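Listed here are the chains, written in short residue letters.
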Amino acid sequence: MSTSSGDELHDQYKDLFTQDGVLLKTSVGRPVSDFNSIGMLCIVQNADGTKCIEWRPNDLITIDSDTQDQEWAVVNTVGRRQRTLSGNITSDYANLRARIIKIPLDDLKTFRITRNNQQMQFSTKPGVWQNTFYFQHGNAEIFVAYLKNHLKTAKTRHDRNTYMVVEPNDESQVLNKSFAELDIFTENTTDVVWNLVSNFKQRPYETTLEAFSKLTDIVYYGNEDVNGKRDVSEEVADLLTKSMSALEDTTSVTRSDEYEVISVKPTLPPRPCIPRGSPLSTEKWDALQDADGRIVEVEGVKQLIFRGGVAHSIRSTVWKYLLDYFPWKMTHAELKTLQKRKTEEYFSMKLQWRSVTEGQENRFSEYRDRKSLVEKDVNRTDRTHPFFAGDNNPHLAVLQDILMTYVMYNFDLGYVQGMSDILAPLLLLLGNEVDSFWCFVGFMEKIASNFDMDQAGMKHQLLQLQQLLMFASPELAQHLSQKDSGNMYFCFRWLLVWFKREFSHIDIMRLWEVLWTGLPCANFHLLICVAILDAEKEVIISRDYGFTEILKHVNDLSMTLDVDRVLSSAEGIYHQIVSAPHLTDQIRIVLGIEPLNLSMSTNSDPEPSTSTLPSTKPSQVELKEGNGNTIFGQEMDEDVVVYNGLRITIVTKTVWALLA
Amino acid sequence: MATNRTGAAQRPNGAPQTKVCQFKLVLLGESAVGKSSLVLRFVKGQFHEYQESTIGAAFLTQAIRFDDTTVKFEIWDTAGQERYHSLAPMYYRGAQSAIVVYDITNQDTFGRAKNWVKELQRQASPSIVIALAGNKSDLAAKRMVEFEEAQAYADENGLLFMETSAKTAMNVNDIFLAIANKLPKSEAGAAGAAGGGRRLADGEQPRPSQCCK
Numbered sequence: 001m002s003t004s005s006g007d008e009l010h011d012q013y014k015d016l017f018t019q020d021g022v023l024l025k026t027s028v029g030r031p032v033s034d035f036n037s038i039g040m041l042c043i044v045q046n047a048d049g050t051k052c053i054e055w056r057p058n059d060l061i062t063i064d065s066d067t068q069d070q071e072w073a074v075v076n077t078v079g080r081r082q083r084t085l086s087g088n089i090t091s092d093y094a095n096l097r098a099r100i101i102k103i104p105l106d107d108l109k110t111f112r113i114t115r116n117n118q119q120m121q122f123s124t125k126p127g128v129w130q131n132t133f134y135f136q137h138g139n140a141e142i143f144v145a146y147l148k149n150h151l152k153t154a155k156t157r158h159d160r161n162t163y164m165v166v167e168p169n170d171e172s173q174v175l176n177k178s179f180a181e182l183d184i185f186t187e188n189t190t191d192v193v194w195n196l197v198s199n200f201k202q203r204p205y206e207t208t209l210e211a212f213s214k215l216t217d218i219v220y221y222g223n224e225d226v227n228g229k230r231d232v233s234e235e236v237a238d239l240l241t242k243s244m245s246a247l248e249d250t251t252s253v254t255r256s257d258e259y260e261v262i263s264v265k266p267t268l269p270p271r272p273c274i275p276r277g278s279p280l281s282t283e284k285w286d287a288l289q290d291a292d293g294r295i296v297e298v299e300g301v302k303q304l305i306f307r308g309g310v311a312h313s314i315r316s317t318v319w320k321y322l323l324d325y326f327p328w329k330m331t332h333a334e335l336k337t338l339q340k341r342k343t344e345e346y347f348s349m350k351l352q353w354r355s356v357t358e359g360q361e362n363r364f365s366e367y368r369d370r371k372s373l374v375e376k377d378v379n380r381t382d383r384t385h386p387f388f389a390g391d392n393n394p395h396l397a398v399l400q401d402i403l404m405t406y407v408m409y410n411f412d413l414g415y416v417q418g419m420s421d422i423l424a425p426l427l428l429l430l431g432n433e434v435d436s437f438w439c440f441v442g443f444m445e446k447i448a449s450n451f452d453m454d455q456a457g458m459k460h461q462l463l464q465l466q467q468l469l470m471f472a473s474p475e476l477a478q479h480l481s482q483k484d485s486g487n488m489y490f491c492f493r494w495l496l497v498w499f500k501r502e503f504s505h506i507d508i509m510r511l512w513e514v515l516w517t518g519l520p521c522a523n524f525h526l527l528i529c530v531a532i533l534d535a536e537k538e539v540i541i542s543r544d545y546g547f548t549e550i551l552k553h554v555n556d557l558s559m560t561l562d563v564d565r566v567l568s569s570a571e572g573i574y575h576q577i578v579s580a581p582h583l584t585d586q587i588r589i590v591l592g593i594e595p596l597n598l599s600m601s602t603n604s605d606p607e608p609s610t611s612t613l614p615s616t617k618p619s620q621v622e623l624k625e626g627n628g629n630t631i632f633g634q635e636m637d638e639d640v641v642v643y644n645g646l647r648i649t650i651v652t653k654t655v656w657a658l659l660a
Numbered sequence: 001m002a003t004n005r006t007g008a009a010q011r012p013n014g015a016p017q018t019k020v021c022q023f024k025l026v027l028l029g030e031s032a033v034g035k036s037s038l039v040l041r042f043v044k045g046q047f048h049e050y051q052e053s054t055i056g057a058a059f060l061t062q063a064i065r066f067d068d069t070t071v072k073f074e075i076w077d078t079a080g081q082e083r084y085h086s087l088a089p090m091y092y093r094g095a096q097s098a099i100v101v102y103d104i105t106n107q108d109t110f111g112r113a114k115n116w117v118k119e120l121q122r123q124a125s126p127s128i129v130i131a132l133a134g135n136k137s138d139l140a141a142k143r144m145v146e147f148e149e150a151q152a153y154a155d156e157n158g159l160l161f162m163e164t165s166a167k168t169a170m171n172v173n174d175i176f177l178a179i180a181n182k183l184p185k186s187e188a189g190a191a192g193a194a195g196g197g198r199r200l201a202d203g204e205q206p207r208p209s210q211c212c213k
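Read top to bottom, the protein sequences are chains A and B. So the first sequence is numbered by UniProt numbering: it starts at 1 and just counts up by one. So the second sequence is numbered by UniProt numbering: it starts at 1 and just counts up by one.
In case anyone wonders, no lab produced these hints; they're calculated from the structure.
Simulated restraints, written as ranges between beta carbons of each label pair:
#1 Ser-86/B x Arg-341/A: 32 to 42 Å
#2 Val-128/A x Asp-138/B: 52 to 62 Å
#3 Gly-21/A x Gln-123/B: 25 to 35 Å
Selected chain B positions facing chain A (Cβ under 10 Å, derived; list incomplete):
#4 Ile-55
#5 Glu-74
#6 Ser-86
#7 Asn-106
Example chain A residues on the side facing chain B (calculated, C-beta under 10 Å, incomplete):
#8 Glu-375
#9 Asn-379
#10 Thr-381
#11 Arg-383
#12 Thr-384
#13 Phe-451
#14 Asp-454
#15 Thr-548
#16 Glu-549
#17 Leu-551
#18 Asn-555
Source: prediction; values computed, not measured. A virtual CB, placed ideally from N, CA and C, is assigned to each residue, including glycine.
Excised from the complex, chain B in its bound form:
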């Protein structure tokens, strides 16, 4: 399998066969940080300034194509308010990847994101690929969480990290691609991933790809 260092999706150039890998991805984070907006931008290319709150959970799918592989994300978008915390395990159980989202203009949401990371590390599948997304990067003027602080935290914990903006689409596709790259469909795939945590991925045996059909 060809290495895709930039992490950008490419047309299969007439490759006769494509492998399809399906991964479950869950979005977690405090209420109103932009979880649904990130998914909607990624899946439908849309953005609604006043995206309604998620009740229960939403489910969407989106496929990304690499050279000879189609990565199909089954995305679970969850309700963020603390009151609904107890429902989360139902959705992150069995997930191969997670995006933990915070709002760069709100320090509390970053603290909450750290708690989600801790919970995932403790309770989710041990091989789960976690990405941290500092969303609302278009509101940098109101920034309360420094990029470096979040990056350092991500490095310490072996997380992918990007600042994103569902509104401007900045880094939205990229963070999903980075996750797709890091997921164990091939060892080479991890090379293009941003942030730390590659060591973790390298150290892992790629699981028997029951994900691939």
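Chain A extracted, bound-state conformation:
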């Protein structure tokens, strides 16, 4: 059968499952004209027993059924092979055939389901989602269920909508797979177990066999009480923390022959106190541009902004760059053209909804619903601020217009509660409708996943926050998980609108511009959370706050926080974490630092964004920033501060000179 001719081969094509009404959204290497065409997504068994996922455009099927081949017309979904066999392939037909997308299951690495389970993406190599499909009828659940009959999959650690395909020849994955097959936990099964397993691999001594035996108890416990109050991951987290602290107490009592214990008591180095700098001033900003207005030292600008923010007088200009509305390298003249074009684009989108008549609106519930959501929230956004106060405040109408135009700009996302909070400070500062819109678009690009229909983006961040806290402030993390708060949901508001509700307008401007620099690491906003929580550790633990008190206490911190102190301690915590000798790959990944054990990280976290990071020297205090590392790449250009024996790279000499 291995040398079978084309005929035999095709005779043995078999559609195992087909799903109609599947839109091809994007596909790497395909012409754009192919996108948004409708078709059928199938699971196909090839003659040699291998299987693949196939998407066939509908027009192909139509052509097939238009032929006189009656047999084919009836079973049009499988009949394409007969066209191939008959040799009557017209060139049109060949073109259409070329549009079939095949993804061999052997090559499939990961797939994920997003957009309310209606969108499915496939990846055969880390870093790229090659194919994106949209299920117009119902959702992808049934397809996934069938697909799982032909694959061994495991959900990923961070995102339960992402599945990795388990490869049987990888030892750690086999282990993972076998746990996955147990299918005991209802959610995050493999994640919990995987964490345990990866801990075991990394710290064989600490993650003792005892922990495994206790895991068995948890497994049974989990079975008994399906609606049990405690999350299994919390149980395991507790367990690990306990087994680790037990180890600390019994330092070097036991010493295994097989493993040498290097660091028994994982403590963070002391927290450096790095002072905040002064804001980027007009003079410095001007000095950073060339004669035509290009920003020459982008990384330097970002460093300065990270250190001290932006002087209020030039905020409205600098924000346009930070929010990717203005490209750094554009001249004044080019920016003028850009602004003109963006203004036109804005007003044409605005016209789209402004020209919807009342009659149309009455028959267009999707639009009506979105409009009503926007109205409800605009009406109650920052109304205590003078800029938005009073009845019939004209700025409210501008908020409304921008958000409605954003609905047209991104109808799939639409309007979600929280967006008006994000927009209000932008409009307050920029004053201009068009500029505010494009800056809002830029901000939304950074935080769009906060507004996922299924909350996947938020859940992912809350999990990462929990991991960071467990590392940076284990005592507090342990307390929280003991109090049913290990899921960190009490930080939901912080993360959703980037602390907008926690700070005054002037402070939130400072915090946001610092965060937009993307320095000193990925997910620095999570370290802001860690910093705020760590400062409340004493109160939360000594008063033995429970689930409700924790939420109330955290909510009540609103408007009591000092933005500079928070930023300073978050940066201190960052340096503590990255210079800790026991820094784990899990934490490295969260902070956007290349993990040490590459293969492990690729297996456990196939999220493309994290597996394509530029590599950096682990001994250095890394800077991860997009096209980054230009500064630290020039070795002589870094400035190092030594603090309690801790070496910290803070800014480049260029920037240092500018600060002076």
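Given the coordinates of chain A, work out where chain B should sit on it, guided by the hints.
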């Protein structure tokens, strides 16, 4: 324990000991119907015309005193927008009572309230006391949901029902009191409760009062 037929709170008149009962109450309903405003009126006596939207959840407490009992409400106020629906179970899980709020000037919010009631009946604790609040009764001129329609629905489903106004404070304390009355700290307490659903409460064994300390 003395029966309090009017449902009004009274000073304990020098009663030597007061029993403290603690109940978890959750507010559910469509966005912008006035959930936070009802809580704020009840807990702090305040009203803000432009109360900001709730992100995540808010938690407040308020105690009501009866003759010899203090009922302490732990109130969970939730975000109303459909996008955040999936967070709700975290807050209504284990709740002994719920207020499902709609806006009497908006028929859609009433439909949404019915869905919340259904969800609670299906997923929340079986003995949960549910009250339906038709809020914004000060805007009766723009009324889109008839009192009778809502009352009939509440009766069918064994819910407490009142039209409320966080703005004027009308019926705000009353609806919380009605819930406190109906909660199983004593059988007699249910007598003063407004609306139907008493039968349901009578039919129930008062749970062993682990709520009372």
